[in-house]
Structures are given as structure tokens and as C-alpha cells.
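Chemist: Quick note, the sequences are listed as chains A and B, same order.
Once you know that position 71 of the first sequence is 71 in the UniProt record's numbering, the rest is easy, because the numbers rise by one and skip nothing.
Once you know that position 229 of the second sequence is 229 in the UniProt record's numbering, the rest is easy, because the numbers rise by one and skip nothing.
Misleading hints may appear alongside valid ones.
[Claimed, not checked] Keeping only pairs whose Cα atoms sit at most 30 Å apart, straight-line, the calculated DSSO-like set for lysine-lysine is: (1) B:312 - B:454; (2) B:892 - A:94; (3) B:791 - B:45; (4) A:463 - B:835; (5) B:353 - B:114; (6) B:312 - B:1008; (7) B:763 - B:992; (8) B:114 - A:94; (9) A:94 - B:279; (10) A:463 - B:842; (11) B:228 - B:475; (12) B:1008 - B:892; (13) B:992 - A:94; (14) B:263 - B:114; (15) B:892 - B:807; (16) B:228 - B:131; (17) B:457 - B:524; (18) B:263 - A:463; (19) A:186 - B:113; (20) B:225 - B:457; (21) B:225 - A:94; (22) A:463 - B:524; (23) B:454 - A:203.
If you're looking for bench data, these hints aren't it; they were derived computationally from the structure.
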Amino acid sequence: MKNIFISILITFCFTAALVGCTSELDNEPIGRLTEDLVDTELAAVTLEALISSSYHPLGNTLNGVVPGWRWDLGTVFRNDIVLQDIAANDMNKKWNPDGDQPWMDKVSDFSFTTENQAFNGIWVYDFIGINRLNLGIGFLTDGETVPNSGMSEARKNQLLSEAYFLKAYYYFDLVNNFGDVPLLTKSPESFQEAAEASVRSPKADVLTQIASDLTTAKSLASNAKYPDGAEPWRVSKGAIIALQAKVALFSEDWPSVLSLITELDGLGNYSLNTEYFDSFDADLEFTDNEVIFAYDHRSNETPNNTNGLRDVVGWGFFAPTDDFIQAFEPNDPRLLYTTTGDPDNKASYKIRGSVAGNPDYGNKIYIRYADVLLWKAEALLETADLSGAITIINQIRNRARTSSTADGSVIPPGTLLDRASSTNASEIKGWLMHERRVELGFESHRFNDLKRWGTASTELSSKGFQSHHNLFPIPQIDIDKSGGTIIQNPDY
Amino acid sequence: MKKNIIYNIFFIGALLVGTTLFAQTVTGTVSDSNGPIPGVNIIVKNTSKGAVTDFDGNYAIDNVDQNAILVFSFIGYTTQEVSVDGRTVINVILIEDSQALDEVVLVGYSSRKKSTLTGALAVVDVEGLAKVRTSNVAQSLQGQVAGVQVASSSGAPGGNIEVTIRGVGTIGNNTPLYIIDGVPSRDISFLNQSDIQTMTVLKDAAAASIYGARASAGVVLITTKSGKKGKMTLEANYFYGIQSATNLPTMLNAAQYMDVTEKAWNNTFTGTNPYTADKGRADFGDTDYIDELFESGSSQNLQLSASGGSDKVQYLMSLGYYGENGIVVYNNDKYQRLNFRTNINAQLTDKFKVGTNLQLSYSIQDKVPSTGESLIRFALLRAPVIPVFKDVSDPTYSAEDPFTDMPFFTSTGYDQGLNRTMYEMVGNPIAQAYFSDDRTTRFQTFGNIYGEYKLMKDLTFRSNVGIDLSFYHDKTFNVNYGDDDGGGSAIDQGLGRRNRPNNLGELRGEAFTFTFSNTLNYLKTFNERHDFSAMLGTELVSNYESFIGASRSRFPYTVDEFRYLDQGGSGLDVNNSGTASEYGLFSVFGSTSYVLDNKYMVTANLRADASSRFSENNRWGYFPSISAGWKISDEDFLSDVDWLSNLKLRASWGQVGNQNIDDYSYLELLRAGDIPGRDRFGNPDLKWETSTQKNIGVDVGFLSNKLVFNAEYYIKNTTDILLPIGLPGIFGDLQPTIVNAGEVSNKGFEFSANYRNSDHEFKYSINANFSTLVNNVEKLHPNVPSIVTDKYRTVVGQSLNSYYGYKMIGIYQNQAEVDSHLTAGNAQPGDIKFKDVNGDGKISPDFDREFIGSPIPDLTYGFAFNAEYKKFDFSLFVQGVSGIEKYNDGKKIVDFDTRPFNYTTAILGSWDGEGSTNSMPRVAFNDNGSSNVSSLFVEDASYFRLKNIEIGYTINGIKGFQDMRLYISGKNLFTSTDYTGLDPEVSGLVDKGTYPSSTSVLFGVNVKF
């Protein structure tokens, strides 16, 4: 009798363990979206967040994209300013030379190696954006997710329009910096597929994709200046057309530049501000006439979304070169907005978004109408409309000299006089180059301009520029991680 | 009298034993060949009655039945049973059992006689360990067992300990599996060293395969103490220790610092040198931050235990307290632990036995930032010209925050001119130590309840339920302090730059692991020469963990009483978080062994495991092993060889697995939330990592096993390694995908020797062990020919995580040397000269980097000497590793950074013109080549350390005490190493400058009542 009891007990123990196991082994993962879940019920809020977080790599929030002060990876903020303004002859790392962040100095004097984190930083930022977008575009276009999530068709189109634009924006930045880059047209399905996609595609193929994405983006966009009034930072049709124009400009497709800018003007959304500084003034964001595309830094958000460059400037970074200061004509009010030029007041009002205050929400401006006008001037010049080009240059100069000054001083008469009419195209090209440098100083356009114009080798030769520097090196870290399927640019 | 009271308290229930009709008092003396032995346990068999011999070896027991049997036992001696047979005086001579070869050893779910073991396992000398006093039991394994390497991640109180058994076989988690009283754990920091009865390291697959899928990193079996029949013991142990930092570097003083920075500026820039002008500034201090940061620390330990039992019930109760106050000033680095333990075994009927081993522990760890970006690092880096405290006349001085922060900060403007640039702004480590408030508390219940039923004479069923339940609470209050550099969001303007705004984060979590195992054990001897045993079992392990966390900022009041979430700002920066995870493991296993004539033995194991960490297709893994032994010394042809007391050959083959990866690793994961995205790509084919191990071993004993040797050679091949593979950055911020890829081999030779001589009044023993290790990556994933980080990489043909970089071959002495070596770049005289491997006149990462060191030691060794002379005892323990390299990143940032940090005095030997040195480059604020990962920073981290030395004195015969031992003990008193970092013993591949290990002196007393 007792033995039977014991046998039952033992049988119970063994089977309890067996039964227990089946349920213990098949639990669904906690708090993670598995593929099954995504296929059936991805929430609209997740779709929204996928697209809105794709903007983050355009911001300069410190550690906002890659956490944890990774100076060693170059990811503390977006490195445009290092790769454009410092690499060109406008900006020094700091006001007083020192040994802090020597990688920036090495970009400045072109002594960098392929391991320099400046390149990794921008590469990582752009590709993080692209991957978020590929995932978002995948969901938005798979035909099931959107209806299941309850998102409206109009909202879907708006988000898709933004996504295609942003993807094009990141890729355009990549080809300008690196030439051929891996072209990820969609989110890889598997680890294997991703590993196989780790190869560089020809720049021409990437440009074709950029053009196609921008066309799609435009077809889905509304004509409104702010397609989402509550969130004016979202990509608008104006931004899309402007980027198309910029791509055409970089490809020297001058007629397209002109026709696209005409199309942009047709929207009737943009003009030059009366005041030069209004585009940058943190308190006038999304109320001005000129800004076409900017990243919106905001205070008091979780996760943090503030303008980190304000702090970096505060640490004594981003000083003007003597050459840059000397490039300004006497009393040009734009100089003081761009840099104080004063080692005892180390600041750039444009970067911090205020003359007197120190707000943490100043935006990072990527495309503004003055820039677009100067593209137009360049295209007119290249298509032999010399007077048209001069007219635009003078329009820019006029706005500058009629603006208020940062220190309240009165601009003496004779400042920034109109350029005279000229039939000398190279003279006008010189004026144009000058005007771009002073109008758009510290806005991270300079190095690309010099490369485009082919003048980097003359302007920067004393700094150590050589022809192979027209393309920055692919980050060594990714060459190593790919196991050699991603190959380096020549001469590095 | 006192003794009787204690007896009454502890034995009130247990003394209820039947009276006897013909009882008498028995007295006598117990001795060995050298004379009387004090402290021998004597019990009257099958009763709770007993006694212990006094200082002169005498004993007396009242009311002993004429036909009773007395059992005499003493550690290190063979237990004797003597029939009373009506005698009243019984003198006994105990025979020393020099190696106790026939002790029974736990080998998993069953026990075996040590003499018939066929696998490679090492029984740790727990008695010897008792003298290596550590807060973490894992630390005490160091140097004790050949093939086991122990390192700590930091010398901070409560710091993490890493144990490696037979090398690193995997790229992921290599923590051994600990089985404590049948309950698994990956951490044993909660255990109290004094509670441990046995510790056995299962090294080869034959020994470990019964733990199947979790055993590839080795298994350590631990049993806790239990009471002994008949004997009541009450013990109190206490020690107090004083410790201080050791092996600290010498930093530059203020004047030296100014000279060096002046020179660095001159070597880099042209123009007016700002350092020249600044020399001798009135507001300069001359601070040795290392000296300011450390003080002497203390540790104390109190252990009380009572144990004993009757025939039917045995018990042990213990209470332990360990407290350590670390060596950083202001006492915010502390570790305290309270342990309670109750172990009870009860024989309910002849056939049915139940028991429990249950521990409660509560630990409190106060931390200062001690690894990575630690205050130790800040103390190394901060310019010595900056004083620790502000002058009271300074307008930014306050009593709440008297510390200096930014260099010579005087006003609230955020531009501090040259001071900012000239004297790098690392924080003030003293302020950091002062303001630290980071506490982790952990309450843990760990233990088992078992029932054992003898179904038949030879067949036992055992069911064991284990729980490991812990609750933890992390609470960090970040006090706002430091200078106002003008940063922070609008509402935080005017606050200091550190922890701006102040904030409190709390995290509460729980982890529950449930283990349910059932085994049938069969043991039978046929015809007195065939020993047969078999075991069959099932086991279920299930785990559930969860946490919730919350934080708030902007606390208006920051005194301790207001450091609670309710007191924080309720508007902005209110965060909360929480999630959970779970896994399950179900297993079926069996083991069988056969021994013929105690000479020929063979054992086979098989375990099948199913884990929730793998997809259904690959859920089950099967782990077999077989081993055999031959005891040659028992063969007839050796029976005449008296000096050879034992000779046994062993060989084994087996497989064990590893499933130590994150839960759900096979699934593709997408994250929701504010920043949704792909966490990682999945891998539906993911399966077990398998480690196949071959082992041969020999055990030899001479002169009645006074001298024993043990040697093992093993080959451990790990295949289908669970390899986290990261994709290039072009796929965004992905976690690595776990794939089964690659094969790593570990081969090694292990040797240990033990000599014991107790024949004379001077008794001593010597233990020595060493092990070698060769680690090699045999194969990797086809997509990923190498696993790469900036400082080390894993490739086929090298050991795991080998350092990779440029090889420094000297210093360029002049421009001609630069020009003849390089055709490109802008190196200058005084810069580091790297080897141009492909000879193209350029130093480029794709062609000129090489493997420059391995973090895996070639040789690990330990040596212990114990001696006793009359009432004195002495022990000494040394331990070391050799053939190991470590990346000294601390050195890189201290002596080679381009920022004006402080330097060690090594910088004074920098290159200073042709012929000055060929090893230390010019000091500069631009790159002298030291920004590269190079052999300059890969240092030999071999060391030899006097871990412990102890002298004790035992006093017997004090009234009320059985005996009392007083001792003084020194830890880490001497270290020999070429490593220039803070501690060669620290774990981790990249040493950023950690909390250093300390040297300490302990005073202690052990009392037995």
C-alpha cells in the first residue's frame, strides 16, 4: 500500500516536471515586437515614432543618437561642422590651440587616417537614419500594417513623403562625403542578407535612387508650407523640391536647377527675410519666410532634444580662422552673427540661435532660401545669364546691408555695395563664391562648395589637402567589420 | 556550568532519548603517535550523547550503556568505532588518514567514493581556504585548483569576481555554473565562506556532462555545512582588518607639471607659451590627488554558528556579518552583508529522510564610480596645480560645495578664458567621492528542500526543490555640484555643471529561479567485486525576472531625508520604466558506473536538455560522456611496492553545452517606444554551443599517500560557438546577432602536488599547483572572418581577443630617420616609430597592424604552505599568472593624451633630442603617434603575489572554552609585476584604471565553546 503511494508520488513528480516544461519553454518574449506581432498589429504610434525618430540623426543633441559620450566614435553630435567648416578654411577647432579632441585638428590639416572618428560619426548618423527609414517605409508600404493600425491614408502619404525625402537627404550627404556607398534600398530580411549587402554601390546608382526617392516623396506631398501645423518641423514639398535642385546643382545639371527653383517659387512659400538673423533666431522658428528645412531642437523633452552645439561652443570650440574673418568686406553685419571673432567672447550667434541669450532650442538649418537663390545665381551664371546671376547676388547683399547689426551699430554707407554689371563670367563666379562663403558661413556648406568648384586644391593646399581628399575615407571600423567586403577609397 | 546552560538551550529537544538500565561512566584518553589529541569528537552511536576531548586528550561520558559503541572522529584521522563491552576506561589511538582517499565526493546528482572517480574533478581544500579570508567565495578559489583562474573586475568593496575554468571556450559568457546544495546559480557572492562544507570543481566533460547544456564553462559543486550527530558545537569567529591602496603610481607635482606642459606646448605650437607665464601663479596649489583620494579602509567579519544533532535530526544555524569600508575618502564605498543559514536534516523513518538548507542574505553595497570613467581615473588626470578646496574668499565658494571644479573658476560667466584650455577640466575626484550616493541592496533567499525515500535497500528516490529568490534595489541620488559653466536648459540656469539638475533614480527588481529535480539512485555490489550504480533524473529550471524603475529631478531639498521620489519635481523629467524576462530549461539525464574489484572502473553519463532560448526546431541538446579508470596500484604486480600507495590512470571523453545567451536570442526583435527600430536580426537556426573535451589524468600517491601528485591533460574543443556578430554600422544601431559560428580550442596541462608530514611535532603540508593553457581560434563564421574591435580582435589562428595594432619599434631620433622610414604622413623627430610591415613607406591600418599580445595567461599557479608547531600555526599562500598581456588604457590617457592632464613621473624621461631615449616619445599636445593602438600600451601583466600569510596561536583549556585561536593575517603584502597599471590582477581586456586592490592586515579570533 505504502509502495503504491510512493510510486504515485514519484510518477507525479516526474510528470509534473514534464508538464511544467512544455509551458515554461514556449513563453512569448516579453516587451519585444516579434515579426508575428508586427505583421498583425503594429500600432500607429510606433509607425509615427519610426518616422519621427528618423529625423534625430539630423540633430545636434549631445549623445542624442548614440548614447554615452562616444568621442572615440565621433558620435557625440553630428559632424557636419567638422567635415565642412573645419575641413575647409573657415573654422578652427578652438579659439586657443590645445590638445583636446585632436581628431578635429587632423581633419583640419588633412593628417587624418581612416580611423579618424569624424568619418565614422557622420557615417553612423546617416546610416542610422537610413535604417530607421527603410524599416518605416517597409511597414508603410506593405499594404497591411497601415490598415491594421488604423492610420489614415493621408497620414500614411505624409509620413512616406517625409521618409523618402530623409532617405534621399542622408544618401546625398553620404555620396558627397564618401563617393560610392552601400545602397540599402530596403530593410534586410535577415542577418545573411544584411551581411551580403555590405558592399559599396557606384555613386551613380545611389544618385539614381536619390532622384527616384525624391520624385516619390514629391508625389505624396501636399503644397502647404507646413504640412502638419502642429509639427512644423516635418518635411514639406518645398524641402523636397529644394533638395532636388541641390542634387541637380551638385550634378551640374543647370537647366534642372533653374526649373526646380521655378517650381519651388511656384509654391509661394519662401522669400528672403528682411533681417539676416531671423532665420537663426531661436524665438522666430517656423515663423520666418526663409527656412525651408531645419532640424527642430526643443527644450524639456524626454529623450533630450536640445541644441548640443551650444554647449560645445561654450567649451571654446569652433573659432573662426583669420582667413574667414578677412573674407568679409568691412562692416558686413553677417560676420558678427556668424562669429564674435573675439577670444574673450567665444560665441557664434548663428549656432546658438540668439545674440544675447543662450537658449537650448536653436535649430540646425539645412536649407534656407538664400542658399537656394545662390544656387540659382550659379545656374544662371553657368547658363550664361550673367546679369541674372548678378541680380541675385545683389539681392543677397542688399538684404545683408539692410539688416540690423548684432551689436546695434549703424552700418556705414558704402557697405556691401551692389556688384556692378559684368560680362566676365569668372569675375562673377568669384563674387558668387565669396557671397556663398560669407552668407552661409558656419552653416556646413563650405567644403562641399570647394570640392564642387574644384577650388579645394588651391584654397586648401597650404592646409595639406591633396586630390584624394575629395572623398573622405570609409570608416576603418566598418571596413574591418565587413571583413573586407567594403573597400577603402583610393590613396588612403 | 556555562557549558551546561548552552547545552540546555540547544539540546532541549534532542536530549529526549531513552534511558538505559545498565549505564556507566566511560573515561579515557585519545591520542595519536605524537600524543594526546584535543578536540576529538566522541559520540555514543545511535544517541545524541557525546563528548569532546579536552586539552590533554581526556574525555568522560556519563550513563553509557554497557553494550554501546563509541565513535571517535577527528578531521584528518580515520574514524574509529569501539565497543564498550562493559569497560569504563577506553583509550584510543587514532590513525592519521593522510589523504582521506576514500572520502565520498558529490559528483552531481549522486555521490561516489573518491577512489573510484574517473573524471577530472578537484576537491577544494575548504579548511585551507578558511585562511584566505575573502568577502566573495569565488575569490577564494584563486590559486587553489589547477586550471581555475580568478580575477576581479575591480578592487572596490563587493566588486565582481570572474572565475574561468580551463580557459575561455566561448566568446560570450564564460561564467561557471555553481550548484549549491543542488540549486544552480551563476553567482556565489551571497554565500558566506564559513558556511561552506565542500567545494568541488568539475573540470572535464565526463565530470560535468551531467549538467549538460550549462556546463561548458565548468561546474563548481558547493555543499553547505550540516550538523554532526551527537556533537554540539558553538563557534564564534571574528576578525578586523585594516587595508590600504597598493601599487599606486607617482604623479607629477605642480612644478613638474608646469615644466612638462610648458614643454608640450613648445613642442606643438608656436607663439607665446601660456604655461610659461602661468608658472608660480599665486592661486596654484600643489595637490597629489591620488594621495588625497585614498585613506585606509577597514573590514570586519563576525560569524556565529551552532550545530549538532541526534541520530534522527541534525542541524546547523549560523549568523554572519561581513562589513568592508573601502579605501576611498568619505566612506561612500562600502559593502556589508548579513547572512542567516539554517540547515536541517531529519530521518523521519528508516526509509524517509527530509532536509533543508536555507539561506537568507541581505547585502548593502555603496559604490563610488570605480571602473571606466572612474574617480580613480580623475585622480590620475586632474592637474596638480588645482587645489582640492576653494579658498573661502572665492565668490563661488560655499560650505555645501567647497570643492574646486573647473580650473580656477571664479565667476558665473561660462567663458573661463585660457584656464579652461590650459588645465583640462576633468572633475574633482574628491568632490565625486564626497557626493556619491549610489547604493544597491539585495535580499536573497537561496536554498533547497529535499525528500529522500529508500524504495528498496539499494534504490533511493530523491526529490529536490530549490529556490533562488532575490529582490534588489538600486538607488542613486546625483547631487548637483560643481561650477556653473552656463550650460543646462533654461530652468536649470545657475546650477553647477555636475548632475545638473539633481536627480534620483531608483530601480527595484526581483529574480526568481525555481529548480525542481527528481532522481532515482541505484547502488549495488554484487559478489563483493562488482560495484554497480545507476542514476536517472529529470529537472526543471524556470526563471522569471522583472524590474520597475523610476526617476525624478530637481529636488528642492537634498538632505538624506528628502532623497525619495515624492520629494522630486513632478513636472519635467519624471521617468519610469519596467520590463521582465523569463526562461525555462527542462532536462532528462542518467548516469551509470561499474567498478570491478575497485581496480577497473567506467562511468557513462547522458543528459538531454531543452531550453526556451532556442527555437522549437533546435530546442533539444544531447550531452553524453564516458570515462574509465584503472587503479594500477591495486594490481598484484604492484602489491609489493610499499612506497607506492596509489597509482590510477583515468581517461574521459564527453560533451557539454552552453546556452548562456540572452533570452529570445533566436528571434528577430523590433523595439517599440519613442525610438522604435530593429534591435537585432534573428537567427532561427540558433542551436546549442557544444564543447567536446578529452581528458587524461593520473593520480599518484607515495608513502601512504603523504605525497600525492595529480596531473591532467585536456583538449577542449568548443564548436558552434554562440557568437554575437555585429554588422557594419551601415545597418544602424543593431545589437549583434547570435550565430553558431566558429570553433575555439583550449588545451592545457594541469599539475598539482601535495605533501603532508605530521609525523613530528612540527607538522606541515605543501600544496602546489600550476596549469598551462593554449587557446586558439580554429574557425569563424564565413561572413565574418574576424571579430573586430579597435583594440583587439578574434581571428582564426590566434587566441581569442588578441590585441591588434601597430608595433612600436622605437622613437624617430631625427628627420633623416623619419624620411628614410616614411614617404608620407607628418611624423616628426620624437614621434613613435611604428613597424612598416609592408614596407610601402606609409603607416596604414590595412597593412601595418599586427597581433601584439594575448589576454589569456599561458601559466597560472598557486603555492600554499601550512605548518603547525605546538600551539602555533602558520600558513602562506602565493599565487600568480604569467604569459599574459593587458591593454593599459590608463597609461595611454595619463602619459600620452594630447590634453593637459597630469602625468606620472615616467613622462620625465620623454624624448628630448637625438639619442635621449628610444622608448618614450616627445611630450606634446598633438599626436606623437600615441593615439594609435600600439604595442606601447600592451604590457606584460604577469604577476606573482603573496596573497596571504597568517600566524595563529591556539589556547586550550580556558574555562568555558573548548579552544580559542588568535591570529594575524596579511593579504596582498607583496606583488612582483612589470605591469605599470594599478593592478595586474584586474579582469577585463582594456584597463582604464580601476579601483586598486589593497593590501591589508587582519587580526582575528576563533572561539569554540
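Chemist: State for each hint whether it applies.
Modeler: Hint-by-hint comparison with the structure:
In summary, the hint linking residue 312 (chain B) to residue 454 (chain B) is supported, as the alpha carbons are separated by about 16 Å, within the 30 Å threshold. Distance check on the hinted pair: residue 892 (chain B) and residue 94 (chain A) sit about 23 Å apart at the alpha-carbon level, within 30 Å; holds. Of the supplied pair hints, the one linking residue 791 (chain B) and residue 45 (chain B) is violated, its CA atoms being roughly 66 Å apart against a limit of 30 Å. Simply put, residue 463 (chain A) and residue 835 (chain B) have alpha-carbon atoms about 27 Å apart, close enough for the 30 Å limit, and the pair holds.
Note on residue 353 (chain B) and residue 114 (chain B): the hinted pairing holds, with a Cα-Cα distance of about 24 Å set against a maximum of 30 Å. Between the alpha carbons of residue 312 (chain B) and residue 1008 (chain B) the distance comes to roughly 24 Å, so the proposed pair stays at or under 30 Å and holds. With a C-alpha separation of about 46 Å, the suggested pair residue 763 (chain B) and residue 992 (chain B) falls outside the 30 Å cut-off, and the hint is violated. With a C-alpha separation of about 72 Å, the suggested pairing of residue 114 (chain B) with residue 94 (chain A) is violated against the 30 Å cut-off.
Between residue 94 (chain A) and residue 279 (chain B), the direct Cα distance comes to roughly 23 Å. Compliance with the 30 Å bound is thereby established for this hinted pair. With a C-alpha separation of about 20 Å, the suggested pairing of residue 463 (chain A) with residue 842 (chain B) holds against the 30 Å cut-off. Taking the CA atoms of residue 228 (chain B) and residue 475 (chain B), the gap is about 43 Å. The hint is violated against a cut of 30 Å. For the given pair, residue 1008 (chain B) sits about 53 Å from residue 892 (chain B) by alpha-carbon distance, which is inconsistent with the 30 Å threshold.
Among the hinted pairs, residue 992 (chain B) with residue 94 (chain A) is consistent with the structure: their alpha-carbon atoms are about 27 Å apart, no more than 30 Å. A threshold of 30 Å between alpha carbons decides the hint, and for residue 263 (chain B) with residue 114 (chain B) the separation of about 68 Å lies outside it, so the pair is violated. Taken as a hint, the residue 892 (chain B) and residue 807 (chain B) pair is honoured in the structure, with Cα atoms around 15 Å apart against an allowance of 30 Å. For the suggested pair residue 228 (chain B) and residue 131 (chain B), the alpha carbons sit about 23 Å apart, so the restraint of at most 30 Å is met.
A threshold of 30 Å between alpha carbons decides the hint, and for residue 457 (chain B) with residue 524 (chain B) the separation of about 9 Å falls inside it, so the pair holds. In summary, the hint linking residue 263 (chain B) to residue 463 (chain A) is supported, as the alpha carbons are separated by about 25 Å, within the 30 Å threshold. Annotation: proposed proximity of residue 186 (chain A) to residue 113 (chain B) is violated, straight-line Cα distance about 64 Å (limit 30 Å). Of the pairs offered as hints, the one joining residue 225 (chain B) and residue 457 (chain B) holds, with about 27 Å between alpha carbons and a cut-off of 30 Å not exceeded.
Proximity of residue 225 (chain B) to residue 94 (chain A) is assessed by CA-CA distance (about 66 Å); at most 30 Å being required, the pair is judged violated. As the CA atoms of residue 463 (chain A) and residue 524 (chain B) are separated by approximately 88 Å, the hinted pair breaks the 30 Å bound. This hinted pair does not check out: residue 454 (chain B) and residue 203 (chain A) have alpha carbons roughly 78 Å apart, beyond 30 Å.
In this structure, the hints that do not hold are numbers 3, 7, 8, 11, 12, 14, 19, 21, 22 and 23, in rising order.
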